[in-house]
Amino acid sequence: MAALIFILKEASPLRSAVIMLGGFTIMASAIYVAVNVLISGDPSQFVYLEHTHISDTIAVCGEVFLMLLVCFLSIKYKKYYAIIFSLAGTIPVLWMDLTGRAVEGNAHVRIDTFAAVMYLIVGVVGILICIYASGYMKDYHHHHTDVQDRSNYFIALMFVFLGAMFGLISSDSLSWIYFFWEITSVCSFLMIGYTRTQEAVNNSFRALWMNLLGGCGFAAGLMICNLGLGISNLSQVTEGGNELVIVPVTLFAFAALTKSAQFPFSRWLLGAMVAPTPSSALLHSATMVKIGVYMLIRLSPIMYGTLTGVMITVIGGFTFFTASLLAITVSDGKKVLAYSTISNLGLITACAGTGTPEGVWAAVMLVLFHAVSKSLLFQTVGDIENCMHSRDIEDMHGLIIKLPRLAFIMIIGICGMFLAPFGMLVSKWAALKSFVDSGSVWLVLFLVFGSGSTLFYWAKWLGKICTVIHQSFELEDITPRSEMVSIFPLTSLIIIMCFAFPWMSGNMIQPILDEAFHTNIPDVIGGSDVIIMMIMVAMVFMIPIGSRFLSIGKKSKMTMSYVAGVNAGDDRHYIDSFGKERALYMSNWYMRDFFGEDKLLSPCVWVAAVLVAVMLIVVVGGAI
Amino acid sequence: MEINFIIKAVLYLVLAPLLGGLLSGTDRLFAARMQGRQGPPIIQPFYDVNKLLHKQTTVVNSIQVLFVTGYLIMTVFTGCLFFGGGDMLLVFFALSMSEVLMVMAAFSTNGPYSIMGAQRELLQMMCYEPMTLLVAIGFYYAQGSFMVSDLVKAETPAIIQLPGFFIGFVFILIIKLRKSPFDLSTSHHMHQEMVKGLTTDLSGNNLAFVEIAEWYDTILMMGIVGMFFITANPISRIWALIAVIVVFFIETLIDNIFPRVKYITMLKVTWAVILVFAGTNLLILNVLK
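Protein chains in written order, with numbering that gives the first Met the number 0: chain A, 0 to 623; chain B, 0 to 288.
Quick caveat, the hints were computed from the structure, so don't treat them as lab data.
Certain hints may be false.
Examples of chain B residues toward chain A, derived with CB under 7 Å [what the hints assert, rightly or not]:
{"hint": "1", "residue": "48"}
{"hint": "2", "residue": "49"}
{"hint": "3", "residue": "51"}
{"hint": "4", "residue": "52"}
{"hint": "5", "residue": "117"}
Negatives, chain B to chain A, calculated, CB over 12 Å [said to hold, decoys possible]:
{"hint": "6", "residue": "195"}
{"hint": "7", "residue": "230"}
{"hint": "8", "residue": "249"}
All C-beta atoms, glycine included, are put in the ideal place defined by N, C-alpha and C.
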């Protein structure tokens, strides 16, 4: 974590090298720690730090600093509402800390298997994103000369952000978690507002107020824990025992909903897509939003069978279904990815809300696979945008001819998101099982209908890429090497994870379940299924080779596709009955008339807002 | 168990195209008689495919061949998994994988009719995907297992607990077997507004592969229909057979009665039917459980 201060003041030419070095160091240490934790038999380690006075002071100062920063920027851009949320979240906590009312004497740091798994995600995926950003920002400023080059600042922010993520994952003390929570909120706010255009400023403030609202919820939960229940640690919260503990749990879950951009708070994530680079977008999509679901998964056992759990699952399921419908209607590549992120996070939220072992299993698996596939997809979309100056899916028509390398990587990424032998689907399968077992019928319905629409929007994108156009030429692939350094490992990770998932289930997810539920849990997916899955994975890679052999010795006549007129030779024009050449273009279906953003988005937000309000009022009000 | 699995899978591998072809021939005969025509001989589909296999293949691009082959292989695999006694959910996941490969074959050609067909096929998948998954879940609710090999040893036929699921499934079979009113993407009839839709740019060998894959698919679907009736009692197999024949006849009848509908009508109607019948059934099951 100390390494990030290092990078803060680097000059441009040296920068990439330093990022690489620093990045790989962090990654290596993250992997080292994670592997150590995974190998050691007794993974749950609580550390009580004796001399926390200094770090506590730093945390307090940090919170004050963040608050002042938010206030300053809010006044500068005349968005005064953000100040209220910031003050409301920070001052009571400060008062509690400074007057010594906080509960002392518990462990500050916890490193267990779940933390180790999260280390791997943040360490590997997050750092690869930073490395990618170093190359990307150069191209970005090449194209967008009107934006002032502050990429040093941007990359420094990314590392601060990752540092906060590491901190959050390792902390067990609630006030520490709160501190890191606020850092990530403010960092993301600063990153979204990077270009300082009006749109960016507006979107960044939207992200800020939503996340700060969640922060207020968190702060309230923290206060109740400390003052009312005498609890200062997350692990004590999840142990339960006290009936009133459900109140802070609900508040934390509320905070998690804002962070992981569930309806009604999804619009900040969509707004984050205007951010300068995919790197900010994909940091949001692939790593930051994972904090929200991380909290939910931590809280999952205690939510079992409670109203909070039911409401969280319903909100998650609802988000999964509606976001996937919305994803059908947009053609901007990044926006599709954003909606699909929201949708998948909804699924994870729903799984965590069930509070069953299978639910948690599925949730962790989804987190893992989603992080890898989604960051890969964002990176390729970013590269395609740099090469073709567009990230619209319609413009990716015939990508397999134009940019074969990127297209191939993208196909793997998309397949990883929805097709059979790949990881996401396995997790979806487990999710389905857990919903059925916990008897949540509505969720089953949300999930099956949501899978239908998910399939539709991914497959039509895949189709656009796979289209082969005659007389079309390869474009220059200007993806810099530093980006490839990030893309190739991610691609291979997706493929490796396909084969490694039984191992991952046994060695990474199983211990998490043991820790969370304190019982031994039988395998979620049985042995024979695993074998069949493996056969399927093998087949997917065999088909190309097999059909190569089949076509040997066969003479096939090449022809042009049928256009009910004379094909002019390039598949994009035909000669009509008057002998004129006419252009021809097949667009994808978006069905905007039926579930377009303008029709569906605001009703969804309202429905979800009512759900959230009901949850808060009933649970919190009921306890009082 | 392993040996058993392999024997059943191989049996399916060999018998399914024969039965599937015959079913397809019967379908044409039924349809012809309903329209007061003589109709082709029952083994006409085999003549057709044989002819296709001996024709020179014209392809639009080489990727197309890859996808079509993949489609055939995955469909056969799916069927083997089902008849071998595998996991129902996995069967349906593999099935959607194979369908996606077929759609990609059409997409890759860049022909307007093919792409139109592909988009419609995707929409059809979106329509029936919820129901196929629900069928697997329904069986799980009724008998507590996703494994086909366990499901056939049931005490009581699943139809007693899952009538709504059965209706929903028969309904989406109209889409799956490409019957009017839902034969949007490609049709068995010649009166089609967009040439041959999904398969417009396929010919010779490749078209034959698609035909054969559809035979395999038909048998798989009929197998799932039969699953609703099968119990540990051997006599139940006769009931299952009768059910399959009746369902197949009904599908042909529907095909001949209704004209093709618009895609949005299809989406609304199928989702409504699924929600009303299968959804209600699921709710009741959950309450009773």
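Structure-based check of each hint:
1. 48: Constraint on residue 48 of chain B not satisfied, violated at 17 Å.
2. 49: violated, 17 Å
3. 51: Cβ of residue 51 of chain B sits 14 Å from chain A, so the hint is violated.
4. 52: violated, 11 Å
5. 117: holds, 6 Å
6. 195: violated, 9 Å
7. 230: About 22 Å separates residue 230 of chain B from the closest Cβ of chain A, which puts it past 12 Å; holds.
8. 249: Fine: 24 Å to the nearest Cβ keeps residue 249 of chain B off the interface.
Checked against the numbered hints above, the structure violates hints 1, 2, 3, 4, 6; every other hint is satisfied.
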